[in-house]
Amino acid sequence: MKFLALGGAVAALQACDGAESTPPPPTVQPTVAPTATPAPQPADVTARLFLDAWNKGNYAAMYAALAPASQTKISQNDFIARYQNVLNEATITQVNAALTSIAEEGSTATAQFKVHFETALLGPLEQTNAFSLLREQGKWGILWSPRLILTQLENGNRVKLYVTKSTRGNIYDRTGAPLAIGVQALVVNVWPAEMRRNGVEAQVLAALEPILGLSQNDIKKRYGGQNPEWKIPIQTIAPEIAQANAEALSLPGIVLEEQDARQYPLGAAAGHIAGYVGQISADELGELYGKGYREGEYFGRAGLEHLAEEYLSGGRGGKLVALNADGAPVQVIAERAAEQSQSVYATLDSELQKHLATLLNDKRGSITVMDVKTGGILAMFSSPGFDSNAFVDRERNQERANYLTSPQKIMLNRATQGAYPHGSVQKIITTATALERGGMSPHTPFHCTGIWKGLGYPKACWINAYGKTHGNISLQNALTQSCDIAFYETGLILHKQDPNLLTDFCRAFGLGSETGIGLQEVAGNVPDPRVQEWQPTDSTDMAIGQDTFQTTPLQVVNFVAAVANGGVLWRPNLIAKIQDFVNETEQIVQPQKRGELPVSAANLQAVREGMRGVTMSKDGTAAFVFDKLPVSTAGKTGTSQVAGNHDPHAWFAGYAPFEDPQIACCVMVENGGEGSKVAAPIFRKVIEKYFNVKPPPPAKKGEPTPTPPPSE
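Offset between the sequence shown (1-based) and the numbering used here: plus 2.
These are calculated hints, taken from the structure and not from any lab test.
You may find that some hints are simply not true.
No farther apart than 35 Å at their CA atoms in a straight line, the calculated lysine-lysine pairs in the DSBU-like style are these [to be verified]:
id	residue 1	residue 2
1	375	365
2	167	365
3	411	691
4	679	356
5	579	696
6	375	233
7	75	167
8	365	75
9	679	696
10	167	356
11	470	141
12	470	579
13	620	455
14	620	470
Label pairs and their calculated CB-CB ranges [what the hints assert, rightly or not]:
id	residue 1	residue 2	range
15	250	330	54 to 64 Å
16	329	199	28 to 38 Å
17	130	58	16 to 26 Å
Since the structure is predicted, the reported quantities are computational estimates derived from the model, not experimental observations.
Positions of the beta carbon are idealized from the N, C-alpha and C atoms, including for glycine.
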């Protein structure tokens, strides 16, 4: 119409002019192509999108694929929570759903699919399932119901997992002596309502007082204010105590319940290494839930209990059951038996472990003993120690609190988590580096005047404090006598050759990295020219074990064992074998190498000779300690300086016997003073115990005590 009106107006104007004119060309109308109605996507596209999103855990995309009618029945948050709750309860870790067929009929379709679930507890689970789709306004949507998760989730059903487990295995030492064992205990509960119904509250309190060792007021406080129909736990007692007091414990209102308990026979002598079990809190549950653990259950928290958890607890089993709205079982969906727990035999020697616990007294420090041929830990004691039994006895709350909050850092395993400069023990590695890469021999000469000015300013040897010098001394004897000046000079020579040499050798000896023992440990620190500003003085300090070294006693005993055994750096190990008593099988744990020392056999022997001199030659820094010891030894003293106004840390690390090494030992006493006077005597006592050597008799009354020579 608009085009016609415009043409008429123009013609009228031309007519009014009365002039001849050429008729205008005909107006050409554009051809408009008809808009095609898009064909609806096939239903299988939506079905596959839904299943693929499930496989990826993309619940928002799944929800978006639902038909509007389904979305009005459940919110997105509730939809996501429903899937997550079912998958968590069933311990499902992986979903693989695939469309098998689909049939469309008008605006409806039916999809068939298979789903394969991997579960942490029940093994694989497969189901065949189906869902309907509805096409509205050209778009397919899924008509959802809970049975799309599991076919049994219909008519208001829910799923419940009943976990099964075997009794926790025991931990023994290498000889079969118990370190951690399961015992039966009885929980004494008070049922206030029952007690009062029978009018025996006073009698119950009087009866329990001597049995539990609690005052009547304390007992009453424990159940006072609680629901009187609850059975309130008061204290755990041993079965033999219950048997001896059977008549008194039969009063109305006293209820005894059996309970599995854990006992640690070595107590505070092995707390850090045996570890302990503890209850799982809601905050900790996390991935443990998928392994079948539940809130309130016990699991290994530290030490061997934690390290060997998978063997000691066995594999959880379970039964996944569909329950109706009333909680009655409808169908067993999946079931798997629990795997038998196993007992663990540690590499430890209980008698040696108990002996170590007597040697540090109230000193802070650690003693570690290693089998040089396997890397097995024969004993490890950290002081102050703690009694693992306090963590499984709920009546020992105050003791536990003291362990956890003490400024003495009682829970710190100083053998694996304590990191310190290791002082002159480092001279073992410095000597090996000088022999292997520094162009030196065991006989390379040095001259000690007590003061060294190789960097333009004076640096003293430890012997200078006694007004003495070492005079002319070879590299090997410098290790024996711990001459600082010889090692300052050696550090400077190595620095000029390559500042990275000492760092690289320290790392090859296992410093600066975790050992892999399986207990909580720290890597420590090796001074490194590649990552910090470096001067020649850093190399000279590093040569004597100062600078920014942070070394654990376990790392030290590890490399000393390697020196003793010919160069094999073992991975420290605490487990000797795993025993399944039910199925009568055992698994021997084989030693594992961490590496090999980059030192030739000849040079390693020179290092060993220098270490033998420390304990067995007249000039050795610890020779006076080992006088008349019938077992040959080799070792190295260390006295590492500490920042601030604190005494130095005392170290001694060595091995025995020298000719055929069996054990290596590292003693470290925090702020203990001189290594030769504090740590070395403790090392000797370890050797005497292990090799069954009678210690020397104490000095007779009035007999003068020999004055030890100047030593580091």
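Do the hints match the structure? See the list:
1. 375 x 365: Holds - the C-alpha atoms of residue 365 and residue 375 are around 30 Å apart, at most 35 Å.
2. 167 x 365: 42 Å, violated
3. 411 x 691: 28 Å, holds
4. 679 x 356: Holds, at roughly 23 Å.
5. 579 x 696: 32 Å, holds
6. 375 x 233: Distance of about 55 Å is beyond 35 Å: violated.
7. 75 x 167: 39 Å, violated
8. 365 x 75: Not satisfied, since the Cα-Cα distance of roughly 69 Å exceeds 35 Å.
9. 679 x 696: 20 Å, holds
10. 167 x 356: Holds, at about 33 Å.
11. 470 x 141: Given pair residue 470, residue 141 is violated - Cα atoms ~97 Å apart, limit 35 Å.
12. 470 x 579: This hinted pair is violated, its Cα atoms lying about 53 Å apart.
13. 620 x 455: 29 Å, holds
14. 620 x 470: This hinted pair holds, its Cα atoms lying about 16 Å apart.
15. 250 x 330: 54 to 64 Å: 41 Å, violated
16. 329 x 199: 28 to 38 Å: With a Cβ separation near 30 Å, residue 329 and residue 199 satisfy 28 to 38 Å, so the hint holds.
17. 130 x 58: 16 to 26 Å: 21 Å, holds
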